[in-house]
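Using the sequences provided together with the hints, build the complete structure.
Under this note's numbering, the first residue of the sequence shown is numbered 65, with each subsequent residue one higher.
By construction, these hints were calculated from the structure, which means they are not laboratory data.
Cβ coordinates follow ideal geometry from the N, Cα and C atoms, glycine included.
Warning: the hint list may mix true and false statements.
Unchecked claim - In silico BS3-like pairs for lysine-lysine, Cα to Cα no more than 27 Å straight-line:
(1) 119 <-> 390
(2) 339 <-> 692
(3) 92 <-> 119
(4) 649 <-> 351
(5) 749 <-> 767
(6) 767 <-> 713
(7) 164 <-> 390
(8) 390 <-> 97
(9) 767 <-> 733
(10) 574 <-> 375
(11) 97 <-> 119
(12) 375 <-> 97
(13) 119 <-> 375
(14) 375 <-> 164
(15) 301 <-> 649
(16) 92 <-> 375
(17) 339 <-> 301
(18) 164 <-> 574
(19) 390 <-> 418
Stated by the list, open to error - Distance ranges between label pairs, derived from CB positions:
(20) 766 <-> 664: 21 to 29 Å
(21) 632 <-> 292: 13 to 21 Å
(22) 382 <-> 574: 19 to 27 Å
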Amino acid sequence: MSYFLRTTAVGLAAAALAYGNAEAKITKIEITKTEPAFGGQSFGTVGAYQRLSGKAYGEVDPAAPGNAIIQDIALAPRNARGMVEYVTDIDIVRPVDRTKGNAMLFFNIINRGNKGGLSLFNADVLGGAAENNNVQSAGDGFMQRQGYTLVWFGWQPDVAPGNNRMTMTVPVARNANGSPITGNVRSELTTTTPTTTLNLSSGWFTALATTSYSTVSTDNRTPLADGFLPTLTVRAKENAPRVPIPNTEWSFGACPQGGQAQVSDTQICYPAGFKSGQFYELTYRAKDPTVLGLGFAAARDLGSFLKSEAKDDAGNDNPVFIRDAKSIVMGSSQSGRFIRSLINLGFNRDEQGKIVFDGAFPHIGGGLMPLNVRFGQPGRAITEQTDHLYPGAEFPFTYGSQTDPLTGQTRGILDRCLATATCPKIVHAATALEMWELRQSLGFTDPLGLRDVADPPNVRSYIMASTQHGAAGLPLPRQAPFGTCVQQSNPNPHTWTVRALLENLTAWIKEGVEPPPSARPTIAAGTLVAADRVQFPPIPANNYGGVARPAMRYLGLYSPLHVQDFGKEWNALDTSGILTADLPKVSGAAYGNLVPQVDADGNDIGGIRNVYIQAPIGTYTGWNLFNKSFYEDGFCTLQGSFVPFAATKAERAANGDPRPSLEERYPTKDAYVAAVKRAAENLVKERYLLAEDANRLIAAAEKDGVRTAP
Numbered sequence: 065m066s067y068f069l070r071t072t073a074v075g076l077a078a079a080a081l082a083y084g085n086a087e088a089k090i091t092k093i094e095i096t097k098t099e100p101a102f103g104g105q106s107f108g109t110v111g112a113y114q115r116l117s118g119k120a121y122g123e124v125d126p127a128a129p130g131n132a133i134i135q136d137i138a139l140a141p142r143n144a145r146g147m148v149e150y151v152t153d154i155d156i157v158r159p160v161d162r163t164k165g166n167a168m169l170f171f172n173i174i175n176r177g178n179k180g181g182l183s184l185f186n187a188d189v190l191g192g193a194a195e196n197n198n199v200q201s202a203g204d205g206f207m208q209r210q211g212y213t214l215v216w217f218g219w220q221p222d223v224a225p226g227n228n229r230m231t232m233t234v235p236v237a238r239n240a241n242g243s244p245i246t247g248n249v250r251s252e253l254t255t256t257t258p259t260t261t262l263n264l265s266s267g268w269f270t271a272l273a274t275t276s277y278s279t280v281s282t283d284n285r286t287p288l289a290d291g292f293l294p295t296l297t298v299r300a301k302e303n304a305p306r307v308p309i310p311n312t313e314w315s316f317g318a319c320p321q322g323g324q325a326q327v328s329d330t331q332i333c334y335p336a337g338f339k340s341g342q343f344y345e346l347t348y349r350a351k352d353p354t355v356l357g358l359g360f361a362a363a364r365d366l367g368s369f370l371k372s373e374a375k376d377d378a379g380n381d382n383p384v385f386i387r388d389a390k391s392i393v394m395g396s397s398q399s400g401r402f403i404r405s406l407i408n409l410g411f412n413r414d415e416q417g418k419i420v421f422d423g424a425f426p427h428i429g430g431g432l433m434p435l436n437v438r439f440g441q442p443g444r445a446i447t448e449q450t451d452h453l454y455p456g457a458e459f460p461f462t463y464g465s466q467t468d469p470l471t472g473q474t475r476g477i478l479d480r481c482l483a484t485a486t487c488p489k490i491v492h493a494a495t496a497l498e499m500w501e502l503r504q505s506l507g508f509t510d511p512l513g514l515r516d517v518a519d520p521p522n523v524r525s526y527i528m529a530s531t532q533h534g535a536a537g538l539p540l541p542r543q544a545p546f547g548t549c550v551q552q553s554n555p556n557p558h559t560w561t562v563r564a565l566l567e568n569l570t571a572w573i574k575e576g577v578e579p580p581p582s583a584r585p586t587i588a589a590g591t592l593v594a595a596d597r598v599q600f601p602p603i604p605a606n607n608y609g610g611v612a613r614p615a616m617r618y619l620g621l622y623s624p625l626h627v628q629d630f631g632k633e634w635n636a637l638d639t640s641g642i643l644t645a646d647l648p649k650v651s652g653a654a655y656g657n658l659v660p661q662v663d664a665d666g667n668d669i670g671g672i673r674n675v676y677i678q679a680p681i682g683t684y685t686g687w688n689l690f691n692k693s694f695y696e697d698g699f700c701t702l703q704g705s706f707v708p709f710a711a712t713k714a715e716r717a718a719n720g721d722p723r724p725s726l727e728e729r730y731p732t733k734d735a736y737v738a739a740v741k742r743a744a745e746n747l748v749k750e751r752y753l754l755a756e757d758a759n760r761l762i763a764a765a766e767k768d769g770v771r772t773a774p
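Written out as structure tokens, the structure reads:
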């Protein structure tokens, strides 16, 4: 039986069977450090919080139906009970008095080892990734005032330690005779600064925090017994021709500039130098794949244990146990894709057949997560330029089941959980950028982009109009180059919208109060269109606010998706298996991904238009272009654009800018305040903005008047 048929039969049919005596569970919770959280700060009626750090030890039965789908689980070493073990870091922030919390466990799926969630929903959080990973700032304390217990855990076994990242330890798979498993690995290498040495996993998103698969041989000039020889190529951008670099010009090793070369099985040396703004592509024979798919099992088992069990097998207390607690799993970007795959693969059902996470909040995470893969690279991000030909964008796209006319396959993300009555209530929130660069529209339409598709009853989907993947930090750079992009990045915030969506999801889970309807661009309304139909205004070069910006160039660019064949041992429906093809075979058959239509200012029409778009001071887009130093005229990876309006009618007329100026829109401070107030009050009525946040935004307008900067 083929891999596809075997895993489909096991996954879909057997998922409906009872687990019987098979076990997959957390065996021990080890808390190694307990300390006051946020310096002992108190949060309203909930009071102070504690932080508990340690490890969770788990094991799974490789023969159980819910585990057999894990790639290479049958080839993993087993303990004396015949179980496969794993260990994951855990970090918990809970109310000191758990009875004062809201009985909601909030599981944040970390992103490449880094904690999220808190800095998304809490405003004014200070510090960067290292500080957030160390949970130093609560900002305005929104989640703490609400009473959530936050849980972080490691799920990505190839995350490298450092910078307070969270890790997970899983076994290495071996052939049945004990010999190492080997396979070809294709690694797209990039660098933002010239260098002569890179790790074998140094991609755009995987340069610092990802471990590399070891090469089977550090001799890159002698073919292996089967004739395989590693290759290295370079190209200027995604669709440019690949130019081979002779094997005599590079080696497996480290060669610091001016230093002596050292052989290494996880690094590559190129004395001529890796240049920024180039794609290097290494294909080599690797060894010792880890059982990455155990990351899904860890999420299932830890989620089930912390919600439902009072003690572990050793008698240790569950540190967050609250009787009849409910839970939400939330993650951004890569982590949102993890959530969708967890549901798709049936991991929201625990060993007793019960639902694990009552609610799911995938944020900026369309697509699926290629974690359950031999020699997988889950840190890749499948954007328009970087990592473009990696798996994770394939069908199925929608939560509800539909048939793909290009492959003839039928599936929906919810198929497995519907068969076992273990589907969570889902709030899916994305930005305009996912529509442009990450093909998010395919989650809302048929595969050819011809008609809208309704969400299932347990799903609400929202597009935050005119936002980028993650809001640009302020202040924006005031002179070019604007990072790697042509324009300043988009600072339009997510926080005020996602806070309302989280409160809606919590009320849906706890009280059965349904959230507001899905809000996204649609084909029927004319707000979801092909890229060549977008009526983007001509925005000239300008010096508004003393910042020199080039003209906006709308190129009709979008991120196409074609049917990709990764080989006979790859199961696209599950984003699982073995990638036997070094580069996928790309069909000419393309899916019909669409993008948002815009108004006369260039701001999106459909979706949730927040206060910043209803009372705008400029144009906010979900796309930007790379500048000449990188992949020129490709989408600047995960970046939108911001171009302010002219201050006066005279200034805009002198520039030939068709967008009305600030003084034309808001002739007085009161006019601006009225616009902000009107927008905020309407958003509160629609339940897309909380009343406390509306008051904050209105107060800021009353205090500061018309914003002259984002």
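**OP:** Check each numbered hint from earlier against the structure, then list the numbers of those it violates in ascending order.
**Re:** none
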